[in-house]
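Asker: Below, each chain spelled out in residue letters.
2 protein chains.
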Amino acid sequence: MAVSPPFTLAVDAMGGDHAPEMVVRGVALAAERHPHARFLLVGDEEKLRPLLRRVKRAAAACTLRHASETISSDLKPTAALRMRASSMRIAIDAVATGEAAGVVSAGNTGALLALAKIVIKTLPGISRPAMAALGPSARGDVVMLDLGANVACDARNLVEFAVMGDVFARTVLGLTAPSIGLLNVGSEELKGDERLRQAAEVLRESHIGPQFHGFVEGHDIAAGTTDVIVTDGFTGNVALKTGEGALRLVGALLRQVFSTSLASRIAYLLARPGLDRLREWLDPRRYNGAVLIGLNGVVVKSHGGTDAQGFAHAIDVAMDMVVHHFNDRIREGLSRIGTLKVMAPASVPVDLRPAS
Amino acid sequence: MAVSPPFTLAVDAMGGDHAPEMVVRGVALAAERHPHARFLLVGDEEKLRPLLRRVKRAAAACTLRHASETISSDLKPTAALRMRASSMRIAIDAVATGEAAGVVSAGNTGALLALAKIVIKTLPGISRPAMAALGPSARGDVVMLDLGANVACDARNLVEFAVMGDVFARTVLGLTAPSIGLLNVGSEELKGDERLRQAAEVLRESHIGPQFHGFVEGHDIAAGTTDVIVTDGFTGNVALKTGEGALRLVGALLRQVFSTSLASRIAYLLARPGLDRLREWLDPRRYNGAVLIGLNGVVVKSHGGTDAQGFAHAIDVAMDMVVHHFNDRIREGLSRIGTLKVMAPASVPVDLRPAS
Chain A
1 MAVSPPFTLA VDAMGGDHAP EMVVRGVALA AERHPHARFL LVGDEEKLRP
51 LLRRVKRAAA ACTLRHASET ISSDLKPTAA LRMRASSMRI AIDAVATGEA
101 AGVVSAGNTG ALLALAKIVI KTLPGISRPA MAALGPSARG DVVMLDLGAN
151 VACDARNLVE FAVMGDVFAR TVLGLTAPSI GLLNVGSEEL KGDERLRQAA
201 EVLRESHIGP QFHGFVEGHD IAAGTTDVIV TDGFTGNVAL KTGEGALRLV
251 GALLRQVFST SLASRIAYLL ARPGLDRLRE WLDPRRYNGA VLIGLNGVVV
301 KSHGGTDAQG FAHAIDVAMD MVVHHFNDRI REGLSRIGTL KVMAPASVPV
351 DLRPAS
Chain B
1001 MAVSPPFTLA VDAMGGDHAP EMVVRGVALA AERHPHARFL LVGDEEKLRP
1051 LLRRVKRAAA ACTLRHASET ISSDLKPTAA LRMRASSMRI AIDAVATGEA
1101 AGVVSAGNTG ALLALAKIVI KTLPGISRPA MAALGPSARG DVVMLDLGAN
1151 VACDARNLVE FAVMGDVFAR TVLGLTAPSI GLLNVGSEEL KGDERLRQAA
1201 EVLRESHIGP QFHGFVEGHD IAAGTTDVIV TDGFTGNVAL KTGEGALRLV
1251 GALLRQVFST SLASRIAYLL ARPGLDRLRE WLDPRRYNGA VLIGLNGVVV
1301 KSHGGTDAQG FAHAIDVAMD MVVHHFNDRI REGLSRIGTL KVMAPASVPV
1351 DLRPAS
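Each protein sequence line maps, in turn, to chains A and B.
Every letter in the first sequence is one number past the one before it in this note's numbering, and letter 339, counting from 1, is 339.
Position in the second sequence (from 1) plus 1000 gives the number in this note's numbering.
Honestly, the hints are just simulated from the structure, not real lab data.
Ideal Cβ placement from N, Cα and C applies to all residues, glycine included.
Errors might be hidden in some of the hints.
With a straight-line Cα cutoff of 25 Å, these simulated DSS-like cross-link-like pairs (lysine-lysine) come out [unchecked claim]:
1. Lys1191/B - Lys121/A
2. Lys1076/B - Lys1117/B
3. Lys1191/B - Lys117/A
4. Lys76/A - Lys121/A
5. Lys76/A - Lys117/A
6. Lys1047/B - Lys191/A
7. Lys1121/B - Lys191/A
8. Lys76/A - Lys1047/B
9. Lys1076/B - Lys1121/B
10. Lys1056/B - Lys191/A
Pulled from the structure, derived: some chain B residues nowhere near chain A, Cβ distances all over 10 Å [said to hold, decoys possible]:
11. Lys1056
12. Asp1193
13. Asp1220
14. Ala1222
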């Protein structure tokens, strides 16, 4: 399934807090960066047409497709599945039919995941897709997954995530043998629950065994101890948002520091080149675009609150996935782990003792 | 069980990466701040005696008790339980007998928790103790628990943690009605698993219902959305360390920024007062001292890698707990929630579908 440009990306024009304006401006930015790409812009035609007129060059790269419905951010996934004429659904349908090589949406995450699973379907051998994205670390960008697609995960899911994370890091970071860590509350082999110990055991014996670092802890994410951090969707989601929150707090405090006195204002001007580089490097927009991996197609979720630049970055991520034949590589990785003794899903140990 | 000074705190002199030197110097700092306090210093007498001679004033506040064994940081809790003559065990014994009002240790967390549970025992109505600590946020310090005492938690545990967190915030932060949030992957009522939804329901109907904010997300920790963040020990441990890691990363990057050029070095000097205040405020030593709550005595865990200042802060935390009759208040809070329909422990939902 080699995909060479020109190819088309489907874009859900109605998803996100500032849609559709933000989406159209994001597509315009991306169109400049990827002159050979084409975009299938799906949404309310009446709203989109005047917006497109303002971005002439991008308009030439876009095909408009009307969608009469929009999935709201608080709609339940089950309800979203019943809406056949939503912009998100029609954009995803375009991937399923092969008309588009991938889809980008800043809309309702649960709906996107549910629709993608039903319409595009998971890759053979994958029990559940995961959400993966890049984040900053002291040793370069790191891949983290799952970021929230699966609230509860068993050992098998974690092993699949590791395989997919390996391919993701090779594809997006260009690494030849990315190191992989399993997120836990301690690095000793006995830490955590049975599910984690079982996943670690399988990974150690797998084809990615030499890359498997073992257990890592929360502080290893920003330290960049491994290139890939594997965890369940609950923990991953909390960790991602906790890290973002901590960075935001320091940012706000630094702004205060640099505005308290004349001396500190001058300090800001003197240190500005370095501070600007730091801000750019940590800019959440630069990391926008979480990939739903494990599906028969490229699906990228943009942060709902992002701006045009962030959305354009999510499009970049989708481009990367398509151009580098990401899914073919995942299939290859999975075929190698497939022969391993991947056990029956282990249950999370539950303490059934009555409270004293 | 009113405790008025002078009272004695037991100190495990052998726990921590830099013990016993670090511990003795920490006790010396604390002794200056708390002139009425007495310390029962437990550890290798031969090592401790010369160290104490160097801190004359503190020595006067200390009683030395010999312990022939030390629990190493990687010892399994079950093995630690069998060591009757360890410094940690003898220090904990002193709390159980009433000789000491509390204990502080920078040693093996799992061992401390296991020993405290067996020797000091949990409060009536508490199924499992939790580890609680303060952290920085945009709106002042926040209480977070559990930070790792319980890898898996059910709804009942989470409800108990909320009650204990409420008392902790009243005691340590001096708040009259702290707001309480339950950590989840989204703030909508339907997010998360059954366990979280059940805990939220019970909390809404409890005596702390008016203070219960509902679900919060990772970024709410640093934002200070609520005064108390309740979560299971796995998630709490990962979130704590992830946040610390992110702060450490920014710190390292800022040091780089301020040392790249002459201009940036001057900038540092100009902004120094503000930067120093920021550093002090975010200093992990200022937050050192996690309290094991839900026990019949005050047990404080210091970070193993801390220095004397950090250890002295952990002693401050123990002092606070003792002086403010923390455990009496917890008992009171629990007696009020006791009449509520606290359900049978809910199991974590497990997906048993075979992988496709």
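Asker: State for each hint whether it applies.
Answerer: Status of each hint after checking the structure:
For the proposed pair Lys1191/B and Lys121/A, the alpha carbon gap of about 23 Å is at most 25 Å, so the pair holds. For a cut-off of 25 Å, the pair hint linking Lys1076/B to Lys1117/B stands: about 15 Å separates their Cα positions. Restraint check for Lys1191/B and Lys117/A: satisfied, since their Cα atoms lie roughly 19 Å apart, inside the 25 Å limit. Between the alpha carbons of Lys76/A and Lys121/A the distance comes to roughly 19 Å, so the proposed pair stays at or under 25 Å and holds.
As the CA atoms of Lys76/A and Lys117/A are separated by approximately 15 Å, the hinted pair is consistent with the 25 Å bound. The straight-line distance between the Cα atoms of Lys1047/B and Lys191/A is roughly 32 Å, outside the 25 Å bound, and the hint therefore fails. For the hint pairing Lys1121/B with Lys191/A, the CA-to-CA distance comes to about 23 Å; that is within 25 Å, so the pair holds. Using a Cα cut-off of 25 Å, the hinted pair Lys76/A and Lys1047/B is violated, with the two alpha carbons roughly 64 Å apart.
With a C-alpha separation of about 19 Å, the suggested pairing of Lys1076/B with Lys1121/B holds against the 25 Å cut-off. Proposed proximity of Lys1056/B and Lys191/A is contradicted: the alpha carbons are some 41 Å apart, above 25 Å. The Cβ of Lys1056/B sits about 38 Å from the closest Cβ of chain A, beyond the 10 Å cut-off, so the non-interface label holds. A beta-carbon of chain A is positioned within 10 Å of the beta-carbon of Asp1193/B; the least distance is around 6 Å.
A beta-carbon of chain A is positioned within 10 Å of the beta-carbon of Asp1220/B; the least distance is around 7 Å. Chain A draws Ala1222/B into its interface by the beta-carbon criterion, the shortest separation being 4 Å against a cut-off of 10 Å.
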